[in-house]
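J.: Construct the entire structure; sequences and hints are all you get.
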Amino acid sequence: MGSAVDLEVASVRQLATLLDAGTITSVDLVQAYLGRIEVFNSRGPALNAVRALNPDALADAAEADRLRGGPHGRLLGIPVLVKDNIDVRGMPTTAGSVALEHAYPAADAALVTNLRRAGAVIIGKTNLTEFANFLAEGMPGGYSSLGGQVRNPYDASRSPSGSSAGSASAVAAGLAALAVGTETNGSILSPAAANSVVGVKPTLGLASRGGILPIAASQDTAGPMTRTVTDAAVLLSAMAGIDPDDPATAGNPLADRDLTRSLHPDALRGARIGVVADQVPDGDGRPLWDAACTVLREQGATLVDVDLDSGCGDDSTVLHYEFKRDLNEYLARLPAGAPVRTLAEVISHNEANAAATLKYGQARALTAQAMDLSPDSADTARHAADRAKDLVDSRDRVDAVLDRHDLTALLFTGSGSASLGALAGYPSITVPAGYRTTNRHPFGITLLGQAWTEPTLIGYAYAYEQASGLRQPPTRVNPALFRYVDPGSGSCPP
Numbered sequence: 001m002g003s004a005v006d007l008e009v010a011s012v013r014q015l016a017t018l019l020d021a022g023t024i025t026s027v028d029l030v031q032a033y034l035g036r037i038e039v040f041n042s043r044g045p046a047l048n049a050v051r052a053l054n055p056d057a058l059a060d061a062a063e064a065d066r067l068r069g070g071p072h073g074r075l076l077g078i079p080v081l082v083k084d085n086i087d088v089r090g091m092p093t094t095a096g097s098v099a100l101e102h103a104y105p106a107a108d109a110a111l112v113t114n115l116r117r118a119g120a121v122i123i124g125k126t127n128l129t130e131f132a133n134f135l136a137e138g139m140p141g142g143y144s145s146l147g148g149q150v151r152n153p154y155d156a157s158r159s160p161s162g163s164s165a166g167s168a169s170a171v172a173a174g175l176a177a178l179a180v181g182t183e184t185n186g187s188i189l190s191p192a193a194a195n196s197v198v199g200v201k202p203t204l205g206l207a208s209r210g211g212i213l214p215i216a217a218s219q220d221t222a223g224p225m226t227r228t229v230t231d232a233a234v235l236l237s238a239m240a241g242i243d244p245d246d247p248a249t250a251g252n253p254l255a256d257r258d259l260t261r262s263l264h265p266d267a268l269r270g271a272r273i274g275v276v277a278d279q280v281p282d283g284d285g286r287p288l289w290d291a292a293c294t295v296l297r298e299q300g301a302t303l304v305d306v307d308l309d310s311g312c313g314d315d316s317t318v319l320h321y322e323f324k325r326d327l328n329e330y331l332a333r334l335p336a337g338a339p340v341r342t343l344a345e346v347i348s349h350n351e352a353n354a355a356a357t358l359k360y361g362q363a364r365a366l367t368a369q370a371m372d373l374s375p376d377s378a379d380t381a382r383h384a385a386d387r388a389k390d391l392v393d394s395r396d397r398v399d400a401v402l403d404r405h406d407l408t409a410l411l412f413t414g415s416g417s418a419s420l421g422a423l424a425g426y427p428s429i430t431v432p433a434g435y436r437t438t439n440r441h442p443f444g445i446t447l448l449g450q451a452w453t454e455p456t457l458i459g460y461a462y463a464y465e466q467a468s469g470l471r472q473p474p475t476r477v478n479p480a481l482f483r484y485v486d487p488g489s490g491s492c493p494p
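Quick note: the sequence shown, position 335, residue 335 per the UniProt record's numbering, numbers continuous.
What the hints contain is simulated information worked out from the structure, not anything from laboratory work. A quick note: this is a predicted structure, and the numbers were derived from the prediction, not measured. All residues carry an ideal CB built from backbone N, CA and C; glycine is no exception. Among these hints, one or two may not hold up.
[As the list claims (entries may be wrong)] Have a look at the derived ranges for each label pair, beta carbon to beta carbon:
1) 67 <-> 335: 28 to 34 Å
2) 359 <-> 280: 35 to 41 Å
3) 270 <-> 102: 22 to 28 Å
4) 348 <-> 138: 21 to 27 Å
5) 9 <-> 391: 38 to 44 Å
6) 71 <-> 384: 47 to 53 Å
7) 406 <-> 291: 21 to 27 Å
8) 391 <-> 304: 44 to 50 Å
9) 242 <-> 389: 28 to 34 Å
10) 258 <-> 138: 38 to 44 Å
11) 272 <-> 393: 20 to 26 Å
12) 107 <-> 393: 46 to 52 Å
T.: Shown next, in the form of structure tokens:
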């Protein structure tokens, strides 16, 4: 047996090499991650990032070990955590809601099926902002009435952001090799930036929405949350596919693309990237931003200053209308014995158990429930008009700037591209870009492109990451939080 593996920083490639060599087994690896979850999630720093463990994880790992002698997918035996609004057979999909604590789906989500086909072992589900932050106004990032509050491993006093807070916190602290989040508007990009990990919000339709508890079908997508761009490319390649039950995936040109082929250290050579003026930060973020721009230029990119309104109107009815419509459809498909079948029943359950469920109220759910979904209603007409306006306006803004300046991508800070990308269905990738000098809080940059430009964006992010080398694990940036944790909990035993 070889040397111990530091799970806080181990890459998929490192783990796969050890697994293929027989140095460790998948059972060893899963047990090590489960031990790490026990120490870091509930004790020690008490990150509260993992809401539930998969009871079949060790059996699935043993099956992966049995298959290792033959041809296999790139993720064979690799432990993965998924956000608790994604269906995994044998586990409830709760979205952090007490009302859904015992809501078991009939089957895996389509993307989970794809991950299993690639050999991944689903070891558990991560905590999240309840209903992906569409229950209440003012709910803290990473809080749910069922799962409690996720903590940021870089600063426990700081928000982990949301709604994919658990996935970001868990993968940052090495509680799994990989994690999956979901985004409707910023829910991958924002927690990824806050927890110093790589996050990809894909083009709508790159990964199936089937089996994901929704906010809005017109904007929802799942995406990778990882410690490196390489791991993000591996995970997104496995997640992607065409799903006959999800029409958004029908024209997916990247369904069979190995996105790791885009990982070139010279990928930025010849790139033309628009620097969005309203994204340039003040204070101690400015030196980090300037340093990131310098790296991009040194790697061959031309940076062009551009003006672009990156916000979006807050009077659109799209999310409220689709939340009622799409959640009702999801709940209606649950097997017999499901605890609730409609948004109205979720609201009633919360009202009947207000002490446990309504610390922050349910204003967004109530506004959604008031929507009239009948075909000839004023709400239905308004939704159609708002969705058409949102789509055209967001794409026109992005496309016009890209075309006018002959650009290949746009540069934002943190989750600055979230609203535009969400409305347009366009992809973004955020990558760690250092730590603020005043408090060591993570800083990230984000690249946005047009639909299906994931190969380009991943290549740019990889070239930047390799040249900058700035990401550090939380135990180095915030050692005080981990001071009294058993050092042995950070490794896979030799």
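J.: All hints, please: hold or fail.
T.: So, going through the hints one by one against the coordinates:
Range check, residue 67 to residue 335: about 29 Å between beta-carbon atoms, so the 28 to 34 Å window is met. Between residue 359 and residue 280 the CB atoms are about 37 Å apart, so this pair conforms to the stated range of 35 to 41 Å. Between residue 270 and residue 102 the beta carbon distance is about 54 Å. The supplied range of 22 to 28 Å is therefore violated. In this structure the supplied range 21 to 27 Å holds for residue 348 paired with residue 138, their Cβ-Cβ distance being about 22 Å.
The given range of 38 to 44 Å is respected by residue 9 and residue 391, whose C-beta atoms sit roughly 40 Å from each other. Between residue 71 and residue 384, the C-beta spacing of about 48 Å keeps the proposed range 47 to 53 Å intact. The beta-carbon spacing between residue 406 and residue 291, approximately 26 Å, falls within the hinted interval of 21 to 27 Å. Range check, residue 391 to residue 304: about 26 Å between beta-carbon atoms, so the 44 to 50 Å window is missed.
A C-beta distance of roughly 29 Å is found between residue 242 and residue 389, which places it inside the suggested range of 28 to 34 Å. Between residue 258 and residue 138 the CB atoms are about 43 Å apart, so this pair conforms to the stated range of 38 to 44 Å. Taken as a hint, the range 20 to 26 Å holds for the pair residue 272 and residue 393, whose Cβ atoms sit roughly 24 Å apart. The beta-carbon spacing between residue 107 and residue 393, approximately 37 Å, falls outside the hinted interval of 46 to 52 Å.
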